[in-house]
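Going line by line, the protein sequences match chains A and B.
Residues in the first sequence are numbered consecutively from 47, following my numbering.
Residues in the second sequence are numbered consecutively from 47, following my numbering.
If you are wondering where the hints come from, they were derived from the structure by calculation, not from laboratory data.
Some clues are possibly wrong.
With beta-carbon atoms standing in for the labels, derived distance ranges [as the list claims (entries may be wrong)]:
1) B:Ser-383 - A:Pro-400: 55 to 63 Å
2) A:Ile-210 - B:Asp-95: 42 to 50 Å
3) A:Asp-163 - B:Lys-132: 50 to 58 Å
C-beta: ideal position from N, C-alpha, C; glycine also.
There are 2 protein chains.
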Amino acid sequence: MKLKIAVLPGDGIGPEVTNQAVKVLKAIASEFDHTFSFKTADVGAIAIDKYGDPLPDKTLDLCKSTDAILFGSIGHPKYDNDPSAKVRPEQGLLKLRKELGLFANIRPVKAYKPLLDKSPLKKAIIDGTDISIYRELTGGIYFGKKELSEDGNTASDLCEYSRIEIERIAHLAFKAARARKQKVTLVDKANVLESSRLWRKIVTEVAADYKDVDLDFLFVDNAAMQMILNPKQFDVILTENMFGDIISDEASVIGGSIGLLASASVGETHAMFEPIHGSYPQAEGKGIANPIASILSAAMLLDHFELYNEAELVRLAVDKSLKLKITTPDINSEFDSITTSNVGDFIEDFIFNPN
Amino acid sequence: MKLKIAVLPGDGIGPEVTNQAVKVLKAIASEFDHTFSFKTADVGAIAIDKYGDPLPDKTLDLCKSTDAILFGSIGHPKYDNDPSAKVRPEQGLLKLRKELGLFANIRPVKAYKPLLDKSPLKKAIIDGTDISIYRELTGGIYFGKKELSEDGNTASDLCEYSRIEIERIAHLAFKAARARKQKVTLVDKANVLESSRLWRKIVTEVAADYKDVDLDFLFVDNAAMQMILNPKQFDVILTENMFGDIISDEASVIGGSIGLLASASVGETHAMFEPIHGSYPQAEGKGIANPIASILSAAMLLDHFELYNEAELVRLAVDKSLKLKITTPDINSEFDSITTSNVGDFIEDFIFNPN
Ligand SMILES: [Mg+2]
Ligand SMILES: [Mg+2]
Chain A
47 MKLKIAVLPG DGIGPEVTNQ AVKVLKAIAS EFDHTFSFKT ADVGAIAIDK
97 YGDPLPDKTL DLCKSTDAIL FGSIGHPKYD NDPSAKVRPE QGLLKLRKEL
147 GLFANIRPVK AYKPLLDKSP LKKAIIDGTD ISIYRELTGG IYFGKKELSE
197 DGNTASDLCE YSRIEIERIA HLAFKAARAR KQKVTLVDKA NVLESSRLWR
247 KIVTEVAADY KDVDLDFLFV DNAAMQMILN PKQFDVILTE NMFGDIISDE
297 ASVIGGSIGL LASASVGETH AMFEPIHGSY PQAEGKGIAN PIASILSAAM
347 LLDHFELYNE AELVRLAVDK SLKLKITTPD INSEFDSITT SNVGDFIEDF
397 IFNPN
Chain B
47 MKLKIAVLPG DGIGPEVTNQ AVKVLKAIAS EFDHTFSFKT ADVGAIAIDK
97 YGDPLPDKTL DLCKSTDAIL FGSIGHPKYD NDPSAKVRPE QGLLKLRKEL
147 GLFANIRPVK AYKPLLDKSP LKKAIIDGTD ISIYRELTGG IYFGKKELSE
197 DGNTASDLCE YSRIEIERIA HLAFKAARAR KQKVTLVDKA NVLESSRLWR
247 KIVTEVAADY KDVDLDFLFV DNAAMQMILN PKQFDVILTE NMFGDIISDE
297 ASVIGGSIGL LASASVGETH AMFEPIHGSY PQAEGKGIAN PIASILSAAM
347 LLDHFELYNE AELVRLAVDK SLKLKITTPD INSEFDSITT SNVGDFIEDF
397 IFNPN
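This is chain A alone, in the form it adopts within the complex (with noise of 0.2 Å):
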């Protein structure tokens, strides 16, 4: 397969995560016979820095023309605590998505066995943990209309939603699904909201396209719970805007490492793949930044291709390390000399010898 790759490593410990990343698709491409261009370009920051803006039109133009962007993370001190700064570093990101038409977060959350002791919860609940949450990304009460009353004593949000906001992302969250363990969750607040029992009734409609796969329904409040009281219930969670913000936060916590958790923003015609940390400034290049998420959405970039050995392959790299703990210092209390690129370098071998 030939895919065009735009890499925008971004501030902070973003370029350095972003290097093993490529390291590791490079790796892929040479065993698996593909072709994969890569083209890196400024955003955040560093683009502030240089050219005024934190999403230079270059960036822009080179995303639009590529198959899949492999984003870093964006943020700096110098902007972020000060009051008066007219652009951010976080804008290039939201202007992206938007320009993209990303309307689909997936946040993959897993319990790595090497790695259990480290939850917040029990060994015993967090054990077997494996769920995808699929996050309606640009509509809800995040984007509806907002009023202040011209005495500033009343103000108001709209939470909207309409059926094909609905329906894409809920074909994308059942054909994962299928993949999987074949069961989808919807959260909402169907007892309650309209909204919510408008995402019930287009979301059984798609279920029956997807008859392999079940589909549960559950309100956000009781899901908060089962969150921590059983995670191994879930293989796909699908849900709007603020309740997968909600949710899908709560979970980036159970696993006990934020250092692993990789994220896709899809779209009907792009598509970008990001960890969920963010650009720790203070770590920039000690060496010491953890590049495992930054790999994994590498991971998650070959399945969106539908390259499933492959994606298979670089996790199978990826639980190798963690086991061996061939890992850096944040979740290595062991070993505290392993840099960002030796594991860079060890998953990269593990792909050209597995064994």
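Please build the complex by placing chain B with the ligands on the supplied structure of chain A, with the hints as guidance.
Using the frame of chain A, we list chain B with the ligands on its own:
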């Protein structure tokens, strides 16, 4: 102090646990020379059975004429599992809250030392947790305008708040924090929602009246993480209706037993106290229902009337019962023959003879 208390035992285990709470309140009245009078009325499924109405006028009138309401629990499978049922037990509770103007729901979450092992969270994380959640109960998106387009393809819900709704519960939260650890955390999504920005503005204004209390802010998605990562950081949490629903339900499971969790619903002129557990009809009449949540609701009733020493003694008695394992089988793996009324009797005895 003279207090007229309406007792609404309701359905399932409601009567059994409420009996113990009344027993405890009578012991307190006797020890501290108060005059508490109790009048009982029907609510829920039992009221439907008798009068065809989950909240008969007679019950509502009694509640309106008393100082406080001690509520059991409502719900019965014969109505819950019947989709054709025209009246449901739960309607009694919703109508009661509305008629009495109960705008604030208060939910304490505490980690009890003898029960630390029962939490899904690790001991070190949960130990020391002591939170009181103030959730706005009558406004926001649950009660805002709902619309469904004629073609059934678009739906919306409006989240609206006004100054008065925010001010009145903010004052309750700050007053509570004063008597606790002097900290209020406002949970909102002010980076995105106009209504959250109004909450932030007004709560900041109210905070000026409570210079001895610290106010901080937390986005709801972050709050959902922090509740798992470090619940000890919280003292009083103040939040709007839907965020409060999600966060308080999430918090309810971290302590390890729902059988201990009490709540209060408070308005300008009325107040109601109830366990958060349901009617649990399977356990009805077996003497295995845990009365502690109901007894702790009675302690919240005492607090509400500023009978702090009295409330403290009830809590001390509860702590003692947990420590000595004078508890029902749901939280007692050692002794499985201790009944609902055994627990109530022990707490009553302790109030008469604390040692
Ligand atoms: Mg978030
Ligand atoms: Mg709830």
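To test your reading of the hints: which numbers does this structure violate?
none
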